[in-house]
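If you want the building blocks of each chain, they are given just below.
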Amino acid sequence: MRRTPWSQRFGLSGRGLVVLLPYLWLMLFFVVPFVIVLKISFADIDLAIPPYTSLFQWDEKNVLSIKLNLNNYVFLFTNELYFKALINSLKVALVSTLLCLLIGYPMAYGIARAKPATRNLLLLLVILPFWTSLLLRVYAWIGLLKANGVINNILMALGLIHEPLAMLYTPFAMYVGIVYSYLPFLILPLYANLEKMDWQLLEAAEDLGCRPWQAFYKITLPLSRNGILAGSMLVFIPAVGEFVIPALLGGPNALMIGRILWDEFFSNRAWPVASAVAILLLLLLVPFMMWYQGIQARESAGAR
Amino acid sequence: MNQRRSVFIISCVAFGFAFLYIPILSMIVFSFNASKLVTVWDAANSPTLKWYRSLLSNEEILDAAWISLKVAVINASGSVILGTLAGFGLSRFTNFRGRFVLNAMATAPLVMPEVITGLSLLLLFVALEQLIGWPAGRGITTMTLSHMTFSMAYVTVVVQSRLATFDTALEEAAMDLGAKPLKVFFVITLPIIFPAILSGWLLAFTLSWDDLVISSFTSGPGSSTLPMVVFSKVRLGVSPEINVLATLTISVVTLIIVAVSFWMARSNRIERAT
Chain A
0 MRRTPWSQRF
10 GLSGRGLVVL
20 LPYLWLMLFF
30 VVPFVIVLKI
40 SFADIDLAIP
50 PYTSLFQWDE
60 KNVLSIKLNL
70 NNYVFLFTNE
80 LYFKALINSL
90 KVALVSTLLC
100 LLIGYPMAYG
110 IARAKPATRN
120 LLLLLVILPF
130 WTSLLLRVYA
140 WIGLLKANGV
150 INNILMALGL
160 IHEPLAMLYT
170 PFAMYVGIVY
180 SYLPFLILPL
190 YANLEKMDWQ
200 LLEAAEDLGC
210 RPWQAFYKIT
220 LPLSRNGILA
230 GSMLVFIPAV
240 GEFVIPALLG
250 GPNALMIGRI
260 LWDEFFSNRA
270 WPVASAVAIL
280 LLLLLVPFMM
290 WYQGIQARES
300 AGAR
Chain B
0 MNQRRSVFII
10 SCVAFGFAFL
20 YIPILSMIVF
30 SFNASKLVTV
40 WDAANSPTLK
50 WYRSLLSNEE
60 ILDAAWISLK
70 VAVINASGSV
80 ILGTLAGFGL
90 SRFTNFRGRF
100 VLNAMATAPL
110 VMPEVITGLS
120 LLLLFVALEQ
130 LIGWPAGRGI
140 TTMTLSHMTF
150 SMAYVTVVVQ
160 SRLATFDTAL
170 EEAAMDLGAK
180 PLKVFFVITL
190 PIIFPAILSG
200 WLLAFTLSWD
210 DLVISSFTSG
220 PGSSTLPMVV
230 FSKVRLGVSP
240 EINVLATLTI
250 SVVTLIIVAV
260 SFWMARSNRI
270 ERAT
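So the protein lines, in turn, are chains A and B.
Under numbering that gives the first Met the number 0, the first residue of the first sequence is numbered 0, with each subsequent residue one higher.
Under numbering that gives the first Met the number 0, the first residue of the second sequence is numbered 0, with each subsequent residue one higher.
The shape of chain B in the complex, shown without the other chains (with noise of 0.2 Å):
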C-alpha cells in the first residue's frame, strides 16, 4: 500500500522536474548548435563556440548588460535598506499606528500585475516631472527608484521571516545590560540575520536583472535595459544568441545558489553547534 502511493509521488516529482528542466536544458544544448535555425542540429559543425563569441561582440546586448547591472545593483543596495527597515518594524515593533497600512503596502507589491505597477509609476514620474521639474525625464534614476518599491517588498518578506524565528531574548539581554538600541541592532541583530539580507540582496538584484515590463513603462531613450533587447529579439524570431545569453545566465546563477546554500547550510551548522 505505502510502496504505491510512493510510487506515484516519485513519478509524480519526476514529472514535475522533468517539465522544469527540460526547456532549460534545451537552450543549453542549443547554444552550442551551429546552425542559425536554432532548433535544427547541425551535426557536422556542432558544438561550436561561434555564439558565444557572436554574443561577446554584440555592442547592442552588451550596452544593455551594463545599464542593466547599474539598475540591479543601486536597486539590490537601496531595496536592501529599505526592506530591512520595514522588516524590522514590522517584525519588532507590534503596535504602531500605521502598522497595518505598512503590511499592506509591503505585501501588495508581490502580488500587484506589473503592468499595473509599471503604469501607475510611470504616470507619477510624469506629474512629478509637471509639478516640481523631478526626475527631469525618464532613464536609469526612474527605473531604479521604480525597481526597489518592487524588490523592497520581497526583502521585507525574507527579513521578517528571519526575525520571527529568532528568539528576542539575546537582544534583550544585552539591553538590560545596558547597551543603545541602535547599538543592539547593529551588534546583534544584523550579525544574526545577515543571511537573509544577503539572499534579499540577492533577490532584488535578480528581480531587477529580469524585469522586462515596469522597465519597459519607465525607462527613457536610450537606457535599454537587456530583458528589453532580449524581448525585441525575441518578438522577431529566435536567435541563437539568446541561448548562450540563457546558458551564461543559468551557470551564473547556479553558481551563485549553490555557493550561498552550502555557505549557509554551514553557518547554520556551526550556530547550531555553539
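In isolation and in its complexed conformation, chain A is listed as follows (with noise of 0.2 Å):
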C-alpha cells in the first residue's frame, strides 16, 4: 500500500496554515509580552497612566536616545527582602515536591497495581478534586485549621489537647495547600508512567531472591524515574511562583515571590519593579521547564 505522510498530502500552503493561527497567537500573547516585560523592567516608576516612563526618546535633532534604568534589578539585588523571599520560594517549593512525592507516589503505585475497575474509579477521585476550583479548596482548609477550626475543635473534644493549635497562617498551613492542591498533578503523570511498566520484572527479581523493597529500589524506581520528573516538576514550577495559596494560607510572613512580584504590582503599583522581579523569576525558572520539555520528549518517544 502506498503511505504518504499528511504532510506531503497537505502541501505546504495548507500544513501552513494549519500551524499558523496557534503559532500567530502564541507568538503575540506569549512570546512578546515576555519582550514587553524586559523593557518595562528597564523603565523607571512615573506617576502616570501607565505608571512608568518610556525607555525612548526623540528629540528636536532626530536623535533617539535609549534610557535603561538598571536601578530596578540594583535595587532587588540590593534589598534583602528579595533575595530572602526568593530562597525561600525555592525551599517552599522543593519541600512540598518532596512531600508529594512521598505521599503520591505510593497512590499512584497502588493505582496502578489496582485491579482495571477498581483503578478507574481510583483515577476518577484523583482527577475531581483537579476540575473543582483551587480556591474554594484552598479556602477549606481556612475552616479546618483556625483556632476555632474542625481540627481544633475535634482535638479538643477529644481532650487531646486543652487549647487550641495555632495552625492557620504559619508555614505548616502554606505547606498543606500547596501540597493539597498540587498532589493531583504529580499522581497522574507518575500513573501514566507505572501503568506501563512490566510487572513480571518485579516477580522475576523476587523469584531470584530479591526482597520487596529492593526489587522496588533497583526495579520499579530507576524505570518510573521519568513519572518522577515529569511530576516534580508539574508542582515545584508552579510553586516557586503561587500566589493564591501563601496568601490565604500563609500569613503576612509568609515570604514568596508571587506575593511580593503581586504586592509590587497592585499595592505599590511599580510596575517596572515588579517586572524586573517577573524576570529574575523567569531565568530562574526556565532552566527546569527545559528540563521539564526534555523529559516529555523522551516520555513520548519511549511510548512509541
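Bear in mind the hints are in silico, worked out from the structure with no lab data behind them.
Where is the CB? At the ideal position from N, CA and C, for every residue including glycine.
Incorrect hints may have been included.
Computed beta-carbon distance windows for the label pairs [what the hints assert, rightly or not]:
no.: 1; chain 1: A; residue 1: Thr77; chain 2: B; residue 2: Phe7; range: 35 to 45 Å
no.: 2; chain 1: A; residue 1: Ala146; chain 2: B; residue 2: Leu61; range: 26 to 36 Å
no.: 3; chain 1: B; residue 1: Leu169; chain 2: A; residue 2: Val34; range: 39 to 49 Å
no.: 4; chain 1: B; residue 1: Ser250; chain 2: A; residue 2: Asp262; range: 32 to 42 Å
Grab the two chains, each in its own frame, and use the hints to assemble them into the complex.
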C-alpha cells in the first residue's frame, strides 16, 4: 500500500495554514509579552498612566536616545527582602515537591496495580478535585485549620489538647495547602508512567531472591524515573511562583516571590519593579522548564 | 510477604484519598450549618438551607458568576479551535520549520507561574492600547484573550496525546481513495478525536472559571469574575455562603465528570467491538 504522510498530502500552503493560527497567537500573546516585561523592567516608575517612563526618546535633533534604568535590578539585588523571598520560595517549592512525592508515589503505585475497574474509579477520584476550584479547596483548609476550626474542635473534644493549636497563618498551613493543591499534578504523570510498567520484572526479581524493598529500589524506582521527574516539575515550577496559597494560608510573614510580585504591582503600583521580579523569576525557572520538556520528549518517544 | 506489601500500599492510598477528600466533605457538611461561625456546628437549627437562599440572592456573586460564565464559554470554544489546530499540526506534521518553537510555546504555559503570565499579558494589552488603541481598556475581552492563551496549551496536550494513539491508516486509506485532506479531517479525524476535544473544552472552561491570578491582572473596573469576588470575601474571613458555592461547584463538576466518563467508557467499548 502506498503510504503518504499527512505532511506531503497537505502541501505547503495547507500545512502552513493549520499551524499558522496557533503559531501567531502564541507569538503575540505569549512571546511578545515577555519582551515587553523585559523592556519595562528597565523603565522608571512614573506618576502617569501607565505608571512607567518610556525607554525611547526622540529629541528635536532627530536623535533617538535609549535610557536603560538598571536601578530596579540594583534595588532587587541590594535589598535583602527579595533575595530572602526567592530563596524561601525555592525552599517551599522543593519541600512541597518532596512531600507530594512521599504521599503521591504510593498512591500512583497503588492505583496502577489495582484491578482495572477499581483503577478507573480511583483515577476519577484523583482527577475530581483537580476540576474543582483551587480557590475553594484552599478556602476549605481555612475552616479546618483556624483556632476555632474543625481540627482544633475535634482535638479539644477528644481532650488531646486544652488550648487551640495555632495552625492557620503558619508555614505548616502553607505546606498543607500547596501539597494538597498540587498532589493530582504529581499523581497523574506518575500513574501514566507506572501503568506501562512490566510487573513481571518484579516477580522475576523476587523469584531470584530479591526482597520486595530491594526489588522496588532496583527496578520500579529507576524505571519510573521519567514519571517522577515530570510530576515533580509540574509541582515545583508553578509552586515557586505560587500566590494564592501563601496569601490565604501563609499569613503576613510568608515571604514568597509570587506574593512580592503581586504586592509590588497591585499595592505599590511599581510596575517596573514587578517586571524586574518577573524577569529574575523567569530566568531562574527556564532551565527547569527546558528540563521538563526534555523529559516529556523522552516519555513520548519511549511510548511509541 | 505480598500480603504485607499490599496492606502498606492500601493504607497509603486510603490516607491519600482521605487527605484529598476531608476538606471537600467538610465544606459540604458546613454549607448546611445554621451558625454564622461556619465551623461551629449549630445542632439546634441545622441542617438548614438558609445560606443557599442567601447565596442565590447575593447580587454581587450572581453578577460575577455571569461574567465568569461568559468568559469561560468564549474561552473554551476559542481554545478548542486553537488547541486542536496546534495539537493536530504537532502530531501529524513531523517536520516543519518552527515545529520546535511551536511545541515549546504550546507547552510552556502549562508550568509558567500565573503571576508571570498575568503580568506579561497585562503589559502587552497596555502597550497595544498605546500603540494601536486596541483593546480599549481592560475587561471581558482582555480576560478572554488571556485565558485562551493558557487554556489552549492544555487542549493541545489532550488532542495531541489522543492523536498519538490512533492509527493514521484510516486517514491514509481515505486519502488514497481520493478524499481531500480537509474532507478527511472533518469526516474521519474529527469524529475520532471528538472525546478529546470535548474533554479539552471542559478543561478550558474549568481553567477559566477557576482562574484568579491572571483575571486579576487583566480585568478592568466592573468586570470582577467569581474567583475575584470569592478571594476578596475569603481574605476578610470565612463566610458560610462560600461553603454553599463550593458545594454547588463540586456537585456540578461531579455530575459532569461522571456523565462524561460513562459516555466515554461506552463509546470506547463500541469502538473496540466494531
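Violated hints - listed by number, lowest first: 1
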